[in-house]
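A.B. asks: The primary structure of each chain is shown beneath.
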Amino acid sequence: MLGCRPVASPIDPKIKLTKLAGEKVDRERYQRLVGRLIYLTHTRPDISFAVSVVSRYMHDPRKDHMDAVYHILRYLKGALGKGLIFRKHGHFNIEGYCDSDWASCADDRKSTSGYCMFVGGNLVSWKSKKQSVEQGQQQKQEYRVIVVGVVEMLWLRTLQIELKMNQESQMRLWCDNKSAISIANNPVQHDRTKHIEIDRFFIKEKLDSGILKWSHVSTEDEVADCLTKGLGPVSLSRLCDKMGLVDIFRPS
Amino acid sequence: MGVYNNTDTIGQNDHYEAQLVAKGYSQTYDIDYDETFAHVAKMSTVRTLISLAMNKDWKLHQLDVKNAFLHGELMEEVYMDIPLGFGTIQTVGKVCRLRKSLYGLKQPPRAWFDRLRRAMVGMGYQQINADHTMFFRQHKDHTTLLVVYVDDIIITGNNEGEIAQLKVQLGKEFEVKDLGLL
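For the record, the sequence lines run as chains A and B.
The first sequence lines up with residues 1 to 252 when you count with this note's numbering.
The second sequence lines up with residues 1 to 182 when you count with this note's numbering.
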């Protein structure tokens with residue numbers, strides 16, 4: 001691995017991993033490697049998604065899965081010094097980004113969702129997770145992840161209030177799905193949205209009370225995008241900048 | 001049930017370290033221990049604290065508690081064989097009762113945190129509900145914050161005097177190593 005060529009992204013956007021991909025490989029070695037990568041995700045949101053993909057095959061790793069792990073390692077080689085930098089931004093606002101990739105898993109068509117939360121301009125919390133049930137509609141997906149995100153934001157808010165550091169400010173949630181936002185803001189009943197009622201009312205309540213504002217963001221600026229799908233080098237590095245991930249070894 | 005664990009320091013063989021480790025695996029639930037739990041701060045709490053300190057220009061201090069797990073008080077009645085080499089004629093057929101927690105037992109992480117919590121509350125700190133590993137005190141316009149991750153502690157606040165005082169008080173209570181600024 002020492003002589004390998006670094007790559008610019010942790011996962012190849014074109015590759016869709018499946019369960020049966022080539023012959024079996026040494027399982028213990030695979031599990032050890034992925035285990036270490038999972039540990040690394042505590043400080044590296046950029047590899048969160050790639051690691052969550054390879055960790056789905058811990059029980060029966062195949063050659064292609066191992067290649068994906070090697071790909072992550074090659075990416076890390078080129079980005080050893082990358083880490084979250086905490087800077088002074090002069091405010092304590094809570095901002096969150098939510099995204100989900102609909103039916104992205106090639107094995108069971110379950111979606112992947114992700115969120116990331118900023119407090120005072122610095123990234124404090126993120127998650128990339130495959131949904132546990134397959135669901136029929138994309139809006140519903142976005143709703144699930146948004147509820148999870150909102151819960152995390154409310155928790156951060158409680159923490160802030162207890163610390164008396166943020167009194168009245170409104171939390172902002174960004175999402176690149178316009179229809180989900182319009183349904184949340186407008187409680188018109190619709191056949192196709194009945195199943196998301198509970199999630200919707202929960203969000204609506206928060207929107208009405210004014211502690212949460214939900215706005216649309218273009219896909220290019222959707223930071224949570226890199227937690228739900230494999231991205232190319234250009235968009236990845238742009239999102240890394242937005243997350244405050246800086247390579248300390250690279251002169252800027 | 002006592003074992004000696006001899007390890008020499010890396011490199012020079014100038015001194016030996018020994019640690020008494022209890023055989024916690026032979027403890028039985030409900031008899032020797034009730035609840036076990038290790039208090040670990042959420043990563044997002046720690047990062048929120050760092051973000052707060054950055055935005056307010058506060059300094060972050062780091063502390064390390066030495067032998068944290070030995071500080072906890074044992075609530076349960078736990079007995080141990082007399083360690084090898086400490087037996088005399090009088091001790092034949094006897095065991096020792098443990099008063100404080102020991103490495104290897106099931107209780108230490110929880111007992112240690114309980115001890116720390118009582119110490120912090122005693123100093124006028126308030127435990128944060130959103131994350132129990134965080135403590136907070138506001139005194140006049142001085143704010144001091146503490147987060148504990150098992151035996152590692154981060155302190156921040158807007159008054160260096162308060163922080164220094166907190167360190168002294170913690171030092172009286174436990175043996176701490178000040179790792180300076182983070």
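Please note: incorrect hints may appear among the correct ones.
When the alpha-carbon atoms are kept at most 20 Å apart in a straight line, the in silico SDA-like pairs for lysine to any residue are as follows [to be verified]:
no., chain 1, residue 1, chain 2, residue 2
1, B, LYS59, A, LYS14
2, A, LYS164, B, ASN129
3, B, LYS94, B, GLN27
4, A, LYS164, B, HIS139
5, A, LYS14, A, THR219
Chain B residues, not near chain A, derived (Cβ > 12 Å throughout) [stated by the list, open to error]:
no., residue
6, LEU20
7, ILE31
8, THR36
9, PHE37
10, ARG47
11, MET80
12, GLY124
13, ASP131
14, THR143
15, GLU160
16, GLY161
Here are some, though not all, of the chain B residues that point toward chain A, as calculated from beta-carbon distances under 10 Å [stated by the list, open to error]:
no., residue
17, VAL46
18, ALA53
19, MET54
20, ASP57
21, MET75
22, ALA130
23, MET134
24, PHE136
25, HIS142
Note that these hints are calculated values from the structure, not bench results.
Positions of the beta carbon are idealized from the N, C-alpha and C atoms, including for glycine.
A.B. asks: Each hint needs a verdict: does it hold in this structure or not?
C.D. replies: Here is how each hint holds up against the structure:
1. About 45 Å separates the Cα atoms of B:LYS59 and A:LYS14, which puts this hinted pair outside 20 Å; it is violated.
2. A distance of roughly 13 Å separates the Cα atoms of A:LYS164 and B:ASN129; the hinted pair therefore holds under the 20 Å criterion.
3. A hinted pair counts as satisfied when its Cα atoms are at most 20 Å apart, and B:LYS94 with B:GLN27 qualifies at roughly 18 Å.
4. For the suggested pair A:LYS164 and B:HIS139, the alpha carbons sit about 13 Å apart, so the restraint of at most 20 Å is met.
5. Among the hinted pairs, A:LYS14 with A:THR219 is consistent with the structure: their alpha-carbon atoms are about 18 Å apart, no more than 20 Å.
6. Non-interface call for B:LEU20 relative to chain A: holds, since the shortest CB-CB distance, roughly 30 Å, exceeds 12 Å.
7. Even its closest Cβ contact with chain A, about 34 Å, leaves B:ILE31 beyond 12 Å, as expected for a residue assigned away from the interface.
8. Against the 12 Å criterion, B:THR36 stays outside the reach of chain A, whose nearest CB is about 23 Å from its own CB.
9. At the 12 Å boundary, the C-beta of B:PHE37 stays outside the reach of chain A, the nearest C-beta of that chain being 20 Å off.
10. Some Cβ of chain A comes within 12 Å of the Cβ of B:ARG47; the nearest lies about 4 Å off, and the non-interface call is violated.
11. Every Cβ of chain A is farther than 12 Å from the Cβ of B:MET80; the closest lies at roughly 34 Å, confirming the non-interface assignment.
12. At the 12 Å boundary, the C-beta of B:GLY124 stays outside the reach of chain A, the nearest C-beta of that chain being 16 Å off.
13. Non-interface status of B:ASP131 relative to chain A is broken: a Cβ of that chain comes within 12 Å, the nearest being about 7 Å off.
14. Not every Cβ of chain A is farther than 12 Å from the Cβ of B:THR143; the closest lies at roughly 8 Å, contradicting the non-interface assignment.
15. No beta-carbon of chain A is positioned within 12 Å of the beta-carbon of B:GLU160; the least distance is around 18 Å.
16. Interface exclusion of B:GLY161 from chain A stands, the closest Cβ pair being 20 Å apart, more than 12 Å.
17. With a cut of 10 Å, the hint placing B:VAL46 at the interface with chain A holds, because the nearest CB-to-CB distance is about 9 Å.
18. With a cut of 10 Å, the hint placing B:ALA53 at the interface with chain A holds, because the nearest CB-to-CB distance is about 8 Å.
19. For B:MET54, the shortest C-beta to C-beta distance to chain A is roughly 5 Å, which falls under 10 Å, so the interface hint holds.
20. Look at B:ASP57: its Cβ gets to within about 7 Å of chain A, closer than 10 Å, so that hint holds up.
21. At a threshold of 10 Å, the smallest CB-CB gap from B:MET75 to chain A is about 29 Å, leaving the interface hint violated.
22. Satisfaction of the interface hint for B:ALA130 is found here, the shortest Cβ-Cβ separation to chain A being roughly 4 Å, below the 10 Å cut-off.
23. Interface hint status for B:MET134: upheld, as the beta-carbon distance to the closest one in chain A is roughly 8 Å, under 10 Å.
24. Because the smallest distance between the Cβ of B:PHE136 and any Cβ of chain A comes to about 6 Å, under 10 Å, the interface hint for this residue holds.
25. The interface hint given for B:HIS142 is violated, since its Cβ lies 12 Å from the closest Cβ of chain A, which is over the 10 Å cut-off.
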